[in-house]
Every structure is written in structure tokens, then in C-alpha cells.
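Q: Protein chains in written order, with full-length UniProt numbering: chain A, 1 to 412; chain B, 1 to 412.
If you're looking for bench data, these hints aren't it; they were derived computationally from the structure. Treat each hint with caution, since some may be false.
Pairs of lysine-lysine, BS3-like flavour, derived with a Cα cap of 27 Å [stated by the list, open to error]:
#, chain 1, residue 1, chain 2, residue 2
1, A, K152, A, K321
2, B, K55, B, K321
3, B, K55, A, K50
4, A, K201, A, K147
5, A, K201, A, K152
6, B, K152, A, K55
7, A, K147, B, K152
8, B, K152, B, K201
9, B, K147, A, K147
10, B, K321, A, K55
11, B, K321, A, K152
12, A, K50, B, K50
13, B, K147, B, K201
Please read these numbers as outputs of a predicted model, since none were measured by experiment.
Protein chains: 2
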Amino acid sequence: MNSVQQMQRPTSAELDAADPLAGQREAFYAPSDGQLTAYLDGNSLGRPLKATSAKLASFVEDAWGSRLIRGWDEQWMDEPTAVGDRIGVVTLGAAAGQVTVGDSTSVMLYKLIRAAVDAQAGRDEIVVDRDNFPTDRFIIEGIAAEKGATIKWVASNPASGVRTTDLEGLLSERTAVVVLSHVAYRSGFLADAAAITAMVKEAGALMLWDLCHSVGSVPLELDAWGVDLAVGCTYKYLNGGPGSPAFAYVNASQQDRLQQPIWGWMGADNPFGMTESYAPARGIRSFITGTPPVLAMQPLKDMVELIASVGMEAVREKSIKLTEYAVALAEDILVPLGVEIVSPRNTAERGSHITVDHPLFGEVTRTLWERGVIPDFRPPHGLRIGLSPLSTSYAEVELGVTAIRDALTELL
Amino acid sequence: MNSVQQMQRPTSAELDAADPLAGQREAFYAPSDGQLTAYLDGNSLGRPLKATSAKLASFVEDAWGSRLIRGWDEQWMDEPTAVGDRIGVVTLGAAAGQVTVGDSTSVMLYKLIRAAVDAQAGRDEIVVDRDNFPTDRFIIEGIAAEKGATIKWVASNPASGVRTTDLEGLLSERTAVVVLSHVAYRSGFLADAAAITAMVKEAGALMLWDLCHSVGSVPLELDAWGVDLAVGCTYKYLNGGPGSPAFAYVNASQQDRLQQPIWGWMGADNPFGMTESYAPARGIRSFITGTPPVLAMQPLKDMVELIASVGMEAVREKSIKLTEYAVALAEDILVPLGVEIVSPRNTAERGSHITVDHPLFGEVTRTLWERGVIPDFRPPHGLRIGLSPLSTSYAEVELGVTAIRDALTELL
Numbered sequence: 001m002n003s004v005q006q007m008q009r010p011t012s013a014e015l016d017a018a019d020p021l022a023g024q025r026e027a028f029y030a031p032s033d034g035q036l037t038a039y040l041d042g043n044s045l046g047r048p049l050k051a052t053s054a055k056l057a058s059f060v061e062d063a064w065g066s067r068l069i070r071g072w073d074e075q076w077m078d079e080p081t082a083v084g085d086r087i088g089v090v091t092l093g094a095a096a097g098q099v100t101v102g103d104s105t106s107v108m109l110y111k112l113i114r115a116a117v118d119a120q121a122g123r124d125e126i127v128v129d130r131d132n133f134p135t136d137r138f139i140i141e142g143i144a145a146e147k148g149a150t151i152k153w154v155a156s157n158p159a160s161g162v163r164t165t166d167l168e169g170l171l172s173e174r175t176a177v178v179v180l181s182h183v184a185y186r187s188g189f190l191a192d193a194a195a196i197t198a199m200v201k202e203a204g205a206l207m208l209w210d211l212c213h214s215v216g217s218v219p220l221e222l223d224a225w226g227v228d229l230a231v232g233c234t235y236k237y238l239n240g241g242p243g244s245p246a247f248a249y250v251n252a253s254q255q256d257r258l259q260q261p262i263w264g265w266m267g268a269d270n271p272f273g274m275t276e277s278y279a280p281a282r283g284i285r286s287f288i289t290g291t292p293p294v295l296a297m298q299p300l301k302d303m304v305e306l307i308a309s310v311g312m313e314a315v316r317e318k319s320i321k322l323t324e325y326a327v328a329l330a331e332d333i334l335v336p337l338g339v340e341i342v343s344p345r346n347t348a349e350r351g352s353h354i355t356v357d358h359p360l361f362g363e364v365t366r367t368l369w370e371r372g373v374i375p376d377f378r379p380p381h382g383l384r385i386g387l388s389p390l391s392t393s394y395a396e397v398e399l400g401v402t403a404i405r406d407a408l409t410e411l412l
Numbered sequence: 001m002n003s004v005q006q007m008q009r010p011t012s013a014e015l016d017a018a019d020p021l022a023g024q025r026e027a028f029y030a031p032s033d034g035q036l037t038a039y040l041d042g043n044s045l046g047r048p049l050k051a052t053s054a055k056l057a058s059f060v061e062d063a064w065g066s067r068l069i070r071g072w073d074e075q076w077m078d079e080p081t082a083v084g085d086r087i088g089v090v091t092l093g094a095a096a097g098q099v100t101v102g103d104s105t106s107v108m109l110y111k112l113i114r115a116a117v118d119a120q121a122g123r124d125e126i127v128v129d130r131d132n133f134p135t136d137r138f139i140i141e142g143i144a145a146e147k148g149a150t151i152k153w154v155a156s157n158p159a160s161g162v163r164t165t166d167l168e169g170l171l172s173e174r175t176a177v178v179v180l181s182h183v184a185y186r187s188g189f190l191a192d193a194a195a196i197t198a199m200v201k202e203a204g205a206l207m208l209w210d211l212c213h214s215v216g217s218v219p220l221e222l223d224a225w226g227v228d229l230a231v232g233c234t235y236k237y238l239n240g241g242p243g244s245p246a247f248a249y250v251n252a253s254q255q256d257r258l259q260q261p262i263w264g265w266m267g268a269d270n271p272f273g274m275t276e277s278y279a280p281a282r283g284i285r286s287f288i289t290g291t292p293p294v295l296a297m298q299p300l301k302d303m304v305e306l307i308a309s310v311g312m313e314a315v316r317e318k319s320i321k322l323t324e325y326a327v328a329l330a331e332d333i334l335v336p337l338g339v340e341i342v343s344p345r346n347t348a349e350r351g352s353h354i355t356v357d358h359p360l361f362g363e364v365t366r367t368l369w370e371r372g373v374i375p376d377f378r379p380p381h382g383l384r385i386g387l388s389p390l391s392t393s394y395a396e397v398e399l400g401v402t403a404i405r406d407a408l409t410e411l412l
């Protein structure tokens, strides 16, 4: 990029001044003691809202401490599906009655993939890509081992992600279920979920999308795309806090057909009936297992409503501008140092983070963390720059990328 | 009971005055607006500590909000086993390295029972009692269905619980695992865990204890008893809040032999290595699956330390006195109304709650809840009176049992 182009690019101050969502940043808690300079890892752990402490205190005292066990009858029994419905309507393009909150993403993956494999009689293959997030691959490895199923590995370009062309020849009458990430955890590649889902369903397989890196940053249309199953986490762009519960989407058309394998009392038709045998609940509740993590669900509720007030289209618009700005800066000041941008350049194929590669980025990340500049590191040498649309400023991106340049320069 | 005996019994005021643990009640949050008169359901949901709101606020702002993703490296990765070790040492009689916190009790049951069945080659029977808590029975039903195992049902006395004599003839070289509750959720019967564990192991089977209704109220000696596996919940006598995470104990001698079936990234040997295949972690960490519920683990930590400061023997001593007092009162003023006490009279065979039966107790419970007197109801017509040793006063027991009498009398 030459100096004329640099001059033509708006400054971070100009971008922040023109940002219609700039005011939303005030909603997030900011430490005052200099511990945080630039946070570029909301794709791994979203920042708390300022409202979260008070929300939890109110829950502890007004709900748990005062209503006590009555809270289950009054509200908490419905919390997994009530919160699920809000996540569904606001962020997933899912009508009510198809989403429940609970467990970890990994446990939810197990339950849904097992349910899919068990329901697809005569189909003994699970399709997943080699660059999918480890827990997706590991869970599938375990299920394949116990069910005698075969894993068909998608060999896609690791610097981008899975395209319909990568699936050609892999789908057949033996395919039980296809498990892909909507936004790749490493490259940030945004898959064409509509086209891939159509292709998978055409083959008679079930489609499961891992939405961990897209929910809350990329608009989703699960119902319109005809998606069968999805899981996602709530501690990234839904700001639920460390280890907050996962959610699962099961398309209404599949709820009667699929049975998940972990038959806990809260997935039973009459949890407090103390019945002799397990009879699954009707609908999405049958995908619940144990006592719902009600306290742990509280923080994310405010974030879902904040997203609702802004709208997913506005969120996506800012996300695109943030990653565009980060890519431009990286091209300008990191690429000349030998850094490689291993994320898509086409905004239509990119989620809300980018990854840059350099052999020294493990060491660079440690230095940055000490300086309050926080991206994360993914082996072998990827530094991820995550941009949460509602909490990240353009100034923060500039400061962060500049700090990466400085830390790398010191080591070169 | 005649009037002479009544006069000999100390009053609740005298008992509270003489209670060495009376001061501990100040540690618990108490609503000030009359919503709570007598809480008799700590065996279902423990009350919050006063410290819990501030604990969570501090976690949100100082840990999550300030350290952000650095928190995983600095502390949170070890939180499941660090908190597990404290639960183990303080309440379970378990040396470090054998307890982990996470998932729900139901999911933990699934993981451990599956691991047990998978490891016990040639043994295809699971032993469980018909009066065990529904989720235990349901999880086993599901596992038996998927593994082709047979359930051998223990027929014990529902007004007490499982004794060694009830297991005679049920254990054989076909028994893979025996799953029993240490304290029965309904009757409050306290099983002889040492004798039963020895008998089960003699038969070459694995012993799994469900500790939900004993942990934090009854001293446990899992290591000394030679227990193989245990699970428990933290929202009863460990006061972790609605839906707080479960814990699992896996005896060190079994950790290499057993493999749980849900292969999530956090149970892998190198979670952030982004490796090609799943290799389980060494030791207790291999029983972890997904991202640990770190925020949700915070409240219970203070309660474990409160118990540590008092000691489990003192907790048990008060628990016995509370249930003795409740039984005496019930005999005195409820039995004459046709109420049946369906809990053991022998304190050595009783946990920290009692159950009283009457056909009208469903309706009675609804009335009591409106009056701020809170026991719970378990079908067909059991009213449970749970007595949390550190938060319950004798005055509260008297008030509660008297309110039961009054509400029942109104309906008779």
C-alpha cells in the first residue's frame, strides 16, 4: 500500500466518530487500572456487560435467596427454553421451540451427533473437516469408535474453510451426519451454510452446524436454510462469562425423530413425577439432561437483549468494517515484517476475526498480554485478532495491530 | 408422647441457645421482606451465603472483566480440579487428584457409568435400586438400552433404603457396576457405604455412590471405604446456587483403567495443542469434557471453606440433633393427625432430612409456600423437611412443623 492509499484510508478516530454503534461500547465493563489496553479476543471470551454484576447480585438475593426452591416452579424450569427462544429469535433465525440452553458445547455436540447417528439407520459415516475445532473432531472420534462408524474427512484449504466443492464425492447414502463450523475457529472463514445445508440434505444426511464463532456476530437463518441441528457457545459473542452454558438447536421437524442418549430427569416428560421409567419430554425439552444451570445463564440474557435492540444486520455491518480495517492495517504494517494473513480477503467469506501467522507469534502473544493488548494464540503460530462488534473500537484495533508490529519488531 | 416427656424436651429456644454452630447462620443471606419464615428445603436448594453476591461481582470485574482470556492460563484451567480437591479433602475423605467439578450430575452419572460398563468386559449387569432418584435410574435405563446391558433392580424398603442384605443374590460375576444413593432422596436413609462397597468389590464389580443428599451434611470417607466412583451435586448442602455444577470422584486406582465416552477438548492431554486426534489427559482431568463452568463454580467455594472451618463432624452432630428434634415434633403434633413418618428413627441410619407422608400434603405444601414456610413435595404424598446444619435453627424447625400442622388441620 502506497502513501496515497494510506492517506485515503480514514483514521481510526474518524471511523469511531462515524460509527453508529460506538455508543454501545459504554455498556461493557472496562477495568480502570490499566490492565486492558486493547481487547482483541472477544471471539474467545466476550467482555462482561456493566450490568452483569448487578444482574447476578439481584439473582442471588431476589431470586435464589428469596424465592428459593419456589423459583423452580415460578420461572427456572422454563429458563432453558425461554432463554433458548430469545437466542433463537434474536440471533439464529429460529422460531420458538427449537433451542435449549445447558451443558457445555462438547456435551451438546455429543448428544446431538449421537442422536443423529442413532436415527440414521443404515448410514454409518460422519463427515467433518480436518480443520474443525478440536472438540468437534474429538467428540466425533469417540462416537465413531463406540458406534463403529467411519469418519470421512473433508480436506479443505486451512487458510479458508469448507466449500461445497470440498464435499463433492464425500456425501452418499452412507452419510449419517455432516458436522461443520459456520465460522472457522482459526481462519475466520464464513461457510456458505445455505448451499452446504441444501447439498447435505439432498444426500439424505443431517446437517449440524457449530455456531460457536458466528452466533452474535454473523446473522443466521437456521429455519430458512433448513438446518437440522446446531450447537453454539455463549461465552464468545454472547458474553455469558467463562464456561457459560451452550445452546442446542433442533429443527422442529427432527425433534420427534431424534432421541439423545443421556436420559436425565430434566429431559423427561414429567421431571417431578418420580416415574418408574424414562419417557422423553415432547419437543425441544427432550434434549435437556440434568438440572439446568440457571445462575450461569443470567449474564448472557442481557447481551442477547442488547443485540436485539441493535439488530444483527447492524452488528454484521460493524463486524465487516472492523475486520476490513484490521486486514488493511495488517497488510500495511505486519505483512512487510513477514507476517502472513491466513484469513479470507473477501468480506462475504469472513466472520468477525482474522488470523495472522508468523513463527514468532507465540512469544509475541506473551509480550502483548503483559502490555494489556490481548489477542490469542493458536498453534502452530497463528495470532487471532477477534473483533466483537459491540465492544471493539477502531482505535483499539489500531492500537492492537500497532502493538503486534512493535512486539514483533523487538524480536526480529 | 405424654405431657411429662414434652416438658422434659428442651424448647427450640434452649436448643438454639446451646447450639455451638448457631453463629454460622449469620453467614447466610436472609430476605428482609417476610418472604421467608422457615426454610426446610436446603436438601433441594441451599441458601446463598451473604458473601455470594460480592464474590460474583468480584469475579465479574476483577477476574473475567480485567484478566479476560488471560484468566484461563492464570487460574481457570485448574479450577475444576482445584475446587474438586477442596470438596474432596473437606467433605469426601478424598485425597487430592480424584475429584473434578463440571457438567450436571446427570451427565456425570452418564460418563462414569458408561466408563464403568465399558471397562468391565464380560460383565453386562447394572445394579440399582427402584427407589433411587429418577435421574440415576433413567441414565441407567438409557445406558442399558444402548449397551445391551441388563438392569438388576434392588427391591428395598422404600421407607428406609438399601442394606447389604438387599444385595444378596444380586451380585455376581456378571455385575459391572452398582449405583446407589448414599442418602436416599425420599426417606433420608443413610446407607452403610463401607459395608456395601466392600461387598460390591468382593464381587468384582465397581461401586458408584450418588452423594447428592449426603455431601456437606454427612461425613464421607471415600478413600478409606475403597469407593471406585462417586458423583454429587453442589446446589444442596454446598450452596452453589440453582443448577450449579456437579462433581465426580474417580478413585486414583481406576483412573487409568476407565475411559469416559464424551471426548471433549478439555479432557484431552493437550487442550490447546489443537492436535489431530484425541489423547486423554492423565488422571482425573480425563473425566472433564467441555469448557469448565468457571463462573458457576464460584459460589460453592465459600461454602466449602465454611464447612472446612467448622469441620464435618460438627456439621453432622448438628444435623443429627436437628433431625431428632424434627422427628420428635412430628411424632408429637403431626402423627396424631394421621401423618406417617417415613424416615429411619435410628439416627445412625438417617441423613439430614426426613419425609412425612399424608394424602393431603400436595395441597399443604402449596399453602405453606404462600406463607413463607418452605419444605418440598415428592409424589405420591411425601413432604420433605430438609435441615441444613449450618443455616437452620431449631426455632425454624418448630415454626415449620407447627405450620405443617396448622395447614393440614385447616384441610381436615
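Q: Now tell me if each hint is right for this structure.
A: The hints, checked one at a time:
1. A:K152 x A:K321: Status violated; Cα separation ~36 Å.
2. B:K55 x B:K321: Violated - the C-alpha atoms of B:K321 and B:K55 are around 32 Å apart, more than 27 Å.
3. B:K55 x A:K50: The hint holds at about 16 Å.
4. A:K201 x A:K147: Given that 27 Å is the threshold and the Cα spacing comes to 22 Å, the pair holds.
5. A:K201 x A:K152: Since the Cα atoms of A:K201 and A:K152 sit roughly 17 Å apart, the hinted pair holds (cutoff 27 Å).
6. B:K152 x A:K55: Since the Cα atoms of B:K152 and A:K55 sit roughly 47 Å apart, the hinted pair is violated (cutoff 27 Å).
7. A:K147 x B:K152: holds, 25 Å
8. B:K152 x B:K201: Status holds; Cα separation ~17 Å.
9. B:K147 x A:K147: It holds: about 10 Å lies between the C-alpha atoms, which stays within 27 Å.
10. B:K321 x A:K55: violated, 38 Å
11. B:K321 x A:K152: Distance ~62 Å between B:K321 and A:K152 Cα, so the pair is violated.
12. A:K50 x B:K50: holds, 22 Å
13. B:K147 x B:K201: Measuring from Cα to Cα gives roughly 22 Å; hence the hint holds.
Violated hints, in rising order: 1, 2, 6, 10, 11; the structure is consistent with all others.
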